[in-house]
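**Q** Work the whole structure out from these sequences, hints included.
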Amino acid sequence: MIEVKNVTKTYFINRKTKCTAIDDVSLVLPDSGMVFIIGKSGSGKSTLLNLIGGLDNTTSGTILADGNEITTFDQRLLTKYRSSYIGFIFQDYHVLNSFTLLQNINLALDITNSSDDQKVEEILKVVDLTEYKDRYPSELSGGQKQRIAVARALVKDAPVILCDEPTGNLDSKTSQQILDLLKEISKDKLVVVVSHNMVEANNYADRIIELYDGKVVRDRRRSVNYSNNFKIEDNIIYIPHYRDLTEN
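Numbering (this note's numbering), first residue to last: 139 to 386.
None of these hints come from the bench; they were simulated from the model. The structure displayed is predicted, hence computed values, not measured ones. Backbone N, C-alpha and C fix where the C-beta goes; we use that ideal spot for every residue, glycine too. Warning: the hint list may mix true and false statements.
Calculated lysine-lysine pairs in the DSSO-like style (CA-CA distance at most 30 Å, straight line) [as the list claims (entries may be wrong)]: (1) 321 - 156; (2) 263 - 321; (3) 257 - 283; (4) 218 - 294; (5) 257 - 294; (6) 178 - 325; (7) 218 - 143; (8) 283 - 263; (9) 271 - 353; (10) 218 - 321; (11) 218 - 257; (12) 154 - 178; (13) 263 - 311.
FRET-style restraints, in silico, Cβ to Cβ [stated by the list, open to error]: (14) 373 - 237: 53 to 59 Å; (15) 353 - 210: 20 to 26 Å; (16) 143 - 355: 49 to 55 Å; (17) 154 - 336: 32 to 38 Å; (18) 353 - 295: 33 to 39 Å; (19) 373 - 234: 53 to 59 Å; (20) 263 - 309: 36 to 42 Å.
**A** Shown next, in the form of structure tokens:
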């Protein structure tokens, strides 16, 4: 469980101009489920994700992971936290073009000084990349490269997966495939997705946290059996939120 308590993050653009990216935010994230953090560009959503992931330091406030206050960690403990507790998936795939798919995934295990060929093979099946394991990124599509990123996040068996605009460079069909995969993963792990796409949030999120100017302005939780689809039940018509009307 991730707890964010009264967290503020400020930057100095220059010596006299201060920018508040996160402004006294408090929230609790569960052990599993798919949480979307949404907002316009500059709302602070990526900053919040970086703070939770230990990639940036808070100006004030505390962040706890399973009761451990990561805001007090030194660099050694932060490195351990990022390498074992958090899996990262970014908009840019961050694959090494001179490495095969298999070697790119193994990099995640190299960081933790561990090696488990069986686990890697299992993860390859999960992300449907087994037949491509000896290929180089230049031979793969954008969706397949993003699956490499998902595989790297999963192979460490980290309990928390943080995704910063994971579908930003993908077409709509491939985006759906990646989000379907992340949704399945969220049954056992906490998956936090930063996005500006309200359609995707309403289709996939168990919880939607909306940021504006560094503050949480809305926090919505879904019922367990929620589905963002049109249906008629007990003489009640349910109309989806933010449905893409161009869909077939």
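**Q** Each hint should be assessed against the structure and marked as holding or not.
**A** Here's how the hints hold up against the structure:
no., hint, verdict
1, 321 - 156, "violated (38 Å)"
2, 263 - 321, "holds (16 Å)"
3, 257 - 283, "holds (19 Å)"
4, 218 - 294, "holds (12 Å)"
5, 257 - 294, "holds (9 Å)"
6, 178 - 325, "holds (28 Å)"
7, 218 - 143, "holds (22 Å)"
8, 283 - 263, "holds (15 Å)"
9, 271 - 353, "violated (43 Å)"
10, 218 - 321, "holds (26 Å)"
11, 218 - 257, "holds (20 Å)"
12, 154 - 178, "holds (26 Å)"
13, 263 - 311, "holds (20 Å)"
14, 373 - 237: 53 to 59 Å, "holds (58 Å)"
15, 353 - 210: 20 to 26 Å, "holds (25 Å)"
16, 143 - 355: 49 to 55 Å, "violated (18 Å)"
17, 154 - 336: 32 to 38 Å, "holds (36 Å)"
18, 353 - 295: 33 to 39 Å, "holds (34 Å)"
19, 373 - 234: 53 to 59 Å, "holds (57 Å)"
20, 263 - 309: 36 to 42 Å, "violated (24 Å)"
The structure shown violates the earlier hints numbered 1, 9, 16, 20.
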